[in-house]
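Undergrad: Take the given structure of chain A and dock chain B to it, following the hints.
Number of protein chains: 2
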Amino acid sequence: MAKEKKVQQITDMEEDFAQWYTDICLKAELVDYASVKGFMILRPYGYAIWENIQRLMDAKFKETGHENVAMPVLIPESLLKKEGELVNGFAPEVAWVTMGGSEKLEERLALRPTSETMFCDHWAHVLHSYRELPMLYNQWCSVVRWEKTTRPFLRSREFWWQEGHTIHETAEEAQRETEQQLNCYADFCENVLAMPVVRGRKTDKEKFAGAEATYTIECMMKDHKALQSATSHYFGDKFSRAYGVTFTGRDNTLQYPFQTSWGSTTRLIGAVIMTHGDNSGLVLPPQIAPVQIIVVPVAQHKPGVVEGAQVLCDRLKAAGFRAKIDLSDNSLGWKCAQYEMKGVPLRVEMGPRDMENGQCVMVRRNDGEKTFVRLEELEAEAGRQLEAVQTGLYETARRNLEEHTYAARTLEEAKQLQKEKGGFIKTMWCGDEACELKMKEEAGMSSRCMPFAQEQISDVCPICGKPAKTMVVWGVAY
Amino acid sequence: MAKEKKVQQITDMEEDFAQWYTDICLKAELVDYASVKGFMILRPYGYAIWENIQRLMDAKFKETGHENVAMPVLIPESLLKKEGELVNGFAPEVAWVTMGGSEKLEERLALRPTSETMFCDHWAHVLHSYRELPMLYNQWCSVVRWEKTTRPFLRSREFWWQEGHTIHETAEEAQRETEQQLNCYADFCENVLAMPVVRGRKTDKEKFAGAEATYTIECMMKDHKALQSATSHYFGDKFSRAYGVTFTGRDNTLQYPFQTSWGSTTRLIGAVIMTHGDNSGLVLPPQIAPVQIIVVPVAQHKPGVVEGAQVLCDRLKAAGFRAKIDLSDNSLGWKCAQYEMKGVPLRVEMGPRDMENGQCVMVRRNDGEKTFVRLEELEAEAGRQLEAVQTGLYETARRNLEEHTYAARTLEEAKQLQKEKGGFIKTMWCGDEACELKMKEEAGMSSRCMPFAQEQISDVCPICGKPAKTMVVWGVAY
Chain A
32 MAKEKKVQQI TDMEEDFAQW YTDICLKAEL VDYASVKGFM ILRPYGYAIW
82 ENIQRLMDAK FKETGHENVA MPVLIPESLL KKEGELVNGF APEVAWVTMG
132 GSEKLEERLA LRPTSETMFC DHWAHVLHSY RELPMLYNQW CSVVRWEKTT
182 RPFLRSREFW WQEGHTIHET AEEAQRETEQ QLNCYADFCE NVLAMPVVRG
232 RKTDKEKFAG AEATYTIECM MKDHKALQSA TSHYFGDKFS RAYGVTFTGR
282 DNTLQYPFQT SWGSTTRLIG AVIMTHGDNS GLVLPPQIAP VQIIVVPVAQ
332 HKPGVVEGAQ VLCDRLKAAG FRAKIDLSDN SLGWKCAQYE MKGVPLRVEM
382 GPRDMENGQC VMVRRNDGEK TFVRLEELEA EAGRQLEAVQ TGLYETARRN
432 LEEHTYAART LEEAKQLQKE KGGFIKTMWC GDEACELKMK EEAGMSSRCM
482 PFAQEQISDV CPICGKPAKT MVVWGVAY
Chain B
32 MAKEKKVQQI TDMEEDFAQW YTDICLKAEL VDYASVKGFM ILRPYGYAIW
82 ENIQRLMDAK FKETGHENVA MPVLIPESLL KKEGELVNGF APEVAWVTMG
132 GSEKLEERLA LRPTSETMFC DHWAHVLHSY RELPMLYNQW CSVVRWEKTT
182 RPFLRSREFW WQEGHTIHET AEEAQRETEQ QLNCYADFCE NVLAMPVVRG
232 RKTDKEKFAG AEATYTIECM MKDHKALQSA TSHYFGDKFS RAYGVTFTGR
282 DNTLQYPFQT SWGSTTRLIG AVIMTHGDNS GLVLPPQIAP VQIIVVPVAQ
332 HKPGVVEGAQ VLCDRLKAAG FRAKIDLSDN SLGWKCAQYE MKGVPLRVEM
382 GPRDMENGQC VMVRRNDGEK TFVRLEELEA EAGRQLEAVQ TGLYETARRN
432 LEEHTYAART LEEAKQLQKE KGGFIKTMWC GDEACELKMK EEAGMSSRCM
482 PFAQEQISDV CPICGKPAKT MVVWGVAY
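Top to bottom, those sequences are chains A and B. Using this note's numbering, you'd call the opening residue of the first sequence number 32 and step up by one each time. Using this note's numbering, you'd call the opening residue of the second sequence number 32 and step up by one each time.
Extracted from the complex, chain A is given alone in its bound form (with noise of 0.2 Å):
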């Protein structure tokens, strides 16, 4: 028996999302199991997202004076034990490489899991003087944390990513970058990934091992769960004093650096996907979308079906937008759910009867929103018809996180609206851990941030009834 490939169905959202969640990611071929248990692969169309992902943040790094570097793989236990939180928070998830070759090795190296000490001692070599800061580097990479349960692109052994690590001559400019780059990282899920997020910053509780503030955006996915979407750190200087990163200052005294960190990684596909997804399969946001229009020819044994429905594409092309063509003898209805399931945002049929009127139809991936247009308005109409799928995505999120964000005024309401509603819950916090605790332990959330943008909801914390001091934003989080 021959082995065919079909376009299979996926699990309805609405009856396992975890399920769902797989199905599309395999069956959008994201990604395949690696024979390493945990480990993934990213298949070509899922890498070809990530690239466009890469390409598209590490533009808007290089804007604000970032430089790319590629630090080692390998950390000796000794470097990483130095900055004794950040060992604490990391240890229980390394991977350890204890032989070389045939060879024992006298101290074993980790793979790293992120590379705050490689930094710091590489900045130990080389920074001199007040005049070489602010060093702005980053490094795209693989990062291997040993997690005991895993989920392609949410929590994976390994995970690919982006670290930034500066470091500035003062705390204000180094508080700056934090958010500077949080907001960066904003700005790209709301502009690029069609993602509302909810910016703030992290509890101590949930903040990075080692740092003395995290900021955070914080998105809702279609199951109303929250996803960590990336993270911005600032550390102070004490990683400086931890490694011995000095400087000559203006006064001509040795100073220590203040030092940032910031992160995201392919987690943002899986947040993508979860975010516009549906049960026809992946919805991708047009600008990270590997084929953004896929041109269909109907009746393609028509005489001069497959020509038209070519010079379509070619046109498509030469407008500067990613367009395929489908000439498979695979049927129209194969090709529209595959081309579904990859969540290509634009389909352009056309049959013999489009050709005599001098038209195609445009359906949009994200509502079904069918459009006939006249050849000569092709590449305008296929511009606007993109940017409605972006606008369109945008605000159905949008609508999403507003229509699934609460306010409560006291623990029994907040443990009340997570069973009923799920979403975030927004309450004051007196800003202690046990309230947090509390919180996890009644309602089953944690803290994903403390937002910027502040409510007063009301006067006292809704757990422990003292002075509130901050609005926290709850929910049960990836």
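To be clear, the hints were calculated from the coordinates, so they are not data collected in a lab. No false leads were mixed into what you were given.
Which copy? The list can't say, so a pair holds if one copy fits it or any two copies do.
Listed next, the in silico BS3-like pairs over lysine-lysine satisfying Cα-Cα at most 25 Å (straight line):
1. K333 / K401
2. K256 / K469
3. K93 / K366
4. K497 / K471
5. K452 / K471
6. K93 / K58
7. K112 / K135
8. K135 / K113
9. K91 / K355
10. K113 / K68
11. K471 / K256
12. K497 / K238
13. K93 / K355
14. K93 / K348
TA: Here is chain B on its own, set in the frame of chain A:
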């Protein structure tokens, strides 16, 4: 005492070529040594060169239908061992992960030294039909090989590379791919890196572990030693059989695809240093130079000079050149030395008298040639000058290669030539490994390749006197 950064002298290349090389790597700020022995850090300037190489080469790969993917960094020992020759070739150099978090792993995992095994394992999952062939994959990543002696770019325990992996329906198609990709590398070296190459096939002794045939491009460095700059391998269906990669063929039977792999690495940067560098530092071919044109104001305290120079820089940028201006308060001499060290292909100087005369001065990095340029000619002349740098670099390297390639008819002659002249020695060869070993033993040269461009130097093998089968190029290699 304040720490200050200085442009320092580098070792004379005629005195100590190895030290000269290391000096450039460090003083042009390409690399830093990492705290893990034998590992390197690619600093912003070094990584920017690699990014340019990646961007240009990746575009070439994509033009011929290749797609990027990402494979796991770890390979289970059992998977690595399925193909005997490959694992025998790499086993002594593999770094092993034996601990994940605090748990000892049941099976140790190799930090990938190369990924044939992972690609095969993946293809065994996803390949079904001949319709899906060829699969033309590539990945950009780093690999780890536990080398004993290391040098930046040339031999390092971790290096960055691309590894192409493809499978095909027929042997002929796979063979064509192997040669196509070798020619892609050769053209890249010649047209982008300005390095002439010798294209050919490796002897069985020198081929890749597990390959049926390995093709190579060999470049000659300024010290007349050989550098293998990229390789392309044909595997037949050996790995497919070992890893159970099958597809349903046109005749509905289960078949094994034919496979290739091909790779090039950050070693290319080492090749560029040793092909074009001089006693003032690095010399970069324009297409990979992070900064193509440096604009330096002369007597910048004089009124209008800074503004005038800035206009030049802006115009050059607007014309698409990677141009930069140095307005720091360092001396003109310091600046010139600094950008020579960093290999910037073209320097544009402008002082008060130039402004009066409506001109600037262009100085080529490779030959120091100065040209006075009317300002209205700025962009056009910059283009011509960069082309002249490219041509000049290639021409010098070509002369080096030609003038240090010798034909020998006897082993004695080969030994003599190697001893007195160095470089590439061409001889005939019977095809016997014993003769290859004898050449190594007596003349200290390994076979670099059997060039595609064959010559009939004599009729017999100069080592054993038996009938000659092919011409071989011998050399001392990095």
